[in-house]
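Asks: Spelled out, the chains give:
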Amino acid sequence: MSSDQDHLQETDTEARFEFKKEENSAFETEKGLTEETVRVISEDKDEPEWMLQRRLRALEQFQEMPMPTGWPAAPDLSEVDIADIVPYIRPDIETRGGAENWEDLPDEIQDTFDKLGIPEAEKNALSGVGAQYESEIVYQNMQEQWEEKGVIFCDMDKAVQEHEELVKEHFMTKCVPPSDNKFAALHGAVWSGGSFVYIPEDTTVNMPVQAYFRMNSEGMGQFEHTLIIAEDNSEVHYIEGCSAPKYSAFNLHSGGVEVFVGENAHVQYSTVQNWSKNTYNLNTKRAICEAEGTMEWVSGSMGSKATMLYPSTVLKGPGATDNHITIAMAGEGQDIDTGAKVYHNAPDTKSTIESKSISKDGGRTNYRGLVHIADGAEDSSTAVECDALMFDNESTSDTMPYMEIQESKVDVAHEATVGKIGDEDVFYLQSRGLDDDDAKQMIVAGFIEPITEELPIEYAVELNRLIELEMEGSLG
Amino acid sequence: MAVLEINNLQAEVAEEGGETILRGVDLEVESGEIHALMGPNGSGKSTTAKVIAGHPAYEVTGGEVLIHLEDDEFGEDFEIPEDLRTWNLLDLEPNERAALGVFLGFQYPAEIEGVTMVNFLRTALNAKLEEREELFEDDEEEEAESEDTNEDAAGYDTSPMEGDVEEGEVGVAEFQEILQEKMEQLDMDEKFASRYLNAGFSGGEKKQNEVLQAAILEPSIAVLDEIDSGLDIDRLQDVSEGINALRDEQGAGILQITHYQRILDYVEPDHVHVMLDGQIAQSGGPELAEKLEDEGYDWVREEAYEAA
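Just so you know, the protein sequences line up as chains A and B, in that order. So that you can map any letter, position 329 of the first sequence is 329 in my numbering, and since no number is skipped, the others follow by simple counting. So that you can map any letter, position 169 of the second sequence is 645 in my numbering, and since no number is skipped, the others follow by simple counting.
Some hints here could point you the wrong way.
Unchecked claim - Calculated pairs, EDC-like style, for lysine to aspartate or glutamate (alpha carbon to alpha carbon, straight line, at most 20 Å):
{"#": "1", "chain 1": "A", "residue 1": "Lys420", "chain 2": "A", "residue 2": "Asp392"}
{"#": "2", "chain 1": "A", "residue 1": "Lys420", "chain 2": "B", "residue 2": "Asp710"}
{"#": "3", "chain 1": "B", "residue 1": "Lys667", "chain 2": "A", "residue 2": "Glu148"}
{"#": "4", "chain 1": "A", "residue 1": "Lys45", "chain 2": "A", "residue 2": "Glu231"}
{"#": "5", "chain 1": "A", "residue 1": "Lys420", "chain 2": "A", "residue 2": "Glu468"}
{"#": "6", "chain 1": "A", "residue 1": "Lys420", "chain 2": "B", "residue 2": "Glu589"}
{"#": "7", "chain 1": "B", "residue 1": "Lys667", "chain 2": "B", "residue 2": "Glu645"}
{"#": "8", "chain 1": "A", "residue 1": "Lys305", "chain 2": "A", "residue 2": "Glu144"}
{"#": "9", "chain 1": "B", "residue 1": "Lys682", "chain 2": "B", "residue 2": "Glu717"}
{"#": "10", "chain 1": "A", "residue 1": "Lys158", "chain 2": "A", "residue 2": "Glu144"}
{"#": "11", "chain 1": "B", "residue 1": "Lys682", "chain 2": "B", "residue 2": "Asp710"}
{"#": "12", "chain 1": "A", "residue 1": "Lys350", "chain 2": "A", "residue 2": "Glu424"}
{"#": "13", "chain 1": "A", "residue 1": "Lys316", "chain 2": "A", "residue 2": "Glu263"}
{"#": "14", "chain 1": "A", "residue 1": "Lys420", "chain 2": "B", "residue 2": "Glu587"}
{"#": "15", "chain 1": "B", "residue 1": "Lys682", "chain 2": "A", "residue 2": "Glu424"}
{"#": "16", "chain 1": "A", "residue 1": "Lys158", "chain 2": "A", "residue 2": "Glu263"}
{"#": "17", "chain 1": "B", "residue 1": "Lys667", "chain 2": "A", "residue 2": "Glu263"}
{"#": "18", "chain 1": "A", "residue 1": "Lys168", "chain 2": "A", "residue 2": "Glu231"}
Stated by the list, open to error - Distance windows between CB atoms, simulated:
{"#": "19", "chain 1": "A", "residue 1": "Pro456", "chain 2": "B", "residue 2": "Gln656", "range": "55 to 61 Å"}
{"#": "20", "chain 1": "B", "residue 1": "Tyr584", "chain 2": "A", "residue 2": "Leu166", "range": "28 to 34 Å"}
{"#": "21", "chain 1": "A", "residue 1": "Ala383", "chain 2": "B", "residue 2": "Asp774", "range": "34 to 40 Å"}
{"#": "22", "chain 1": "A", "residue 1": "Glu332", "chain 2": "B", "residue 2": "Glu546", "range": "46 to 52 Å"}
What the hints contain is simulated information worked out from the structure, not anything from laboratory work. Note that beta-carbon positions come from the ideal geometry of N, C-alpha and C, so glycine has one too.
Given these sequences and hints, build the entire structure.
Replies: Structure below.
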């Protein structure tokens, strides 16, 4: 199907939806999340019955579960009003996750794009304004290359239609079931858009599979779902989103990511996300890793009012490996609560967690981690390292590592450092000619270097620029 | 030629009720000269160095630190207007002092993870050159400059891999050559270029690195704070050669702070000063250092108190 046809179909869908809206006044006025809303979403997407049933089951679970409470020092979610969520879904579907016009975006977002030096066309795509024909053509070419190898990369809604059996087997069944937590249940009920990646056995996709344009121009919603299936002996690097800000008029983002790492397969999932400052960012991301498989999470969390995000890996087969590299940055009024979870459920499994956080202007970062080593997971090892960098005395940073070790023949290491950005370090760089701001930026750039070196150059450059922008005006 | 002139410099630790450390330091260092500043621990040598460079831990309570520049101090293409040839460093930020040609070699240099030597040194060199332009240009030019900067900020039109190269900046390839040449002179392994700034460096490597930075940033006046401490004899010779080259090839003035005669065997001072209790108590030629080596500081103290 050509991109033109894609576009036509999309317009058509929107038209149908408009029509539906007129017909269904109940939906117009309904407050809160109801069965009818879920049915409308599913019908609009022309989904098979089983998906509708899954959505409805998730909705039930969502309604049964209380808001999460009881975690020490968890971000305050009292402002997250479930009753207000649903009316927000519709504009999401209508505009495919963005504003209709560039001018409708908040000044702050426009300004950031300008300062990042992103060309107009790209800005439009990234902010969800309009379709990005040129990049779609590029994408089309890459897709053909992959298709020859049996690789599938498409948006999640399309995957439900065209790769039904794969999706039916894997979608929120064994990796992230809706029963996992209240927001996973919410996600299961109202999910929309996202990416589907399938890598057949013995296949290596050398090039990072980027959702750079697609996520934003087509499927990028507040409840997007990413499903990655890497069969045995395959390898893929998937990059989601981009370091450009994700604008949203909504106050809640609740995405879901599921990754299946086959035997001896290797998946790297990288994401750098910068949410608008009014967003509650509550996601569930998990990978299941078979024997000798490797899962790598590389994530940068910026923006948002509050983030709760703990990518997790289940090391299911012997010899499986998990590596986490995360970075979080919190400024004024922000509470970024991120970390990692690893379940060592088999012998000879290894995990490393490297968590870095930066807080400034009274922002709070927290590392919240869980490493579970099951009885019988002998000769497993884990190493956790948390480094926090604070700019001032108003900012805070906490570390809450949690270790459940049920097997004695294991190797466990945890190390945490918390430091204020050092006056001596800044002075040293200043004495060499860098001004105060540049000196601090250089120190921060060095601090996050372990993550930037894992990213393709354009992401690394943009991540650095974003952090520079975040720091601008708050220094000196 | 540049002259660093310190008059009656007084400073205390920058906190409430902070201890007074410098009690009226007078010193003059010209480019092309090597001065040794000696004295017992706690006499104020390192503080003098840090105050010259603008360390925030100290508050200056009196005196001045002037730098006098000649019109061609920064090369023939860079003419310094007559009214901008003398600056009081105490009015300037540390990076502005660096731009005027003042370099501080640290006794304990900071370790900065994640920042490669090559990236750091090129950034520092370009920052210095840019700051220098800003200090010396008149207001009209300044306005024009700031407009340019705004345009640049609108986006990168080169590959992000290369980054911006603005006019007058030293580019990556050009800098690699400069760095390689300087490292060879100092007998440093080329692997240093890709290592993180001072991170995991041995004591000797750090000192060598300080001299390397001076060689690249080409200061008019280099204040080297106990650059000889913790060096084995081979490394001491390398570092000393580097210091001599700063003076002989670049014409820098050196203020060499040291405890020991040892380095002065390799870096022969023109002048030697002894610091006691926050003041220069005694000045002389190279023979003064030898006398101190033989007889210690007690006689200086006695003479100083007799004079008082």
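Asks: Among the hints numbered above, which are violated by the structure, and what are their numbers in rising order?
Replies: Hints 2, 3, 4, 7, 8, 12, 16, 17, 19, 20, 21 contradicted; others consistent.
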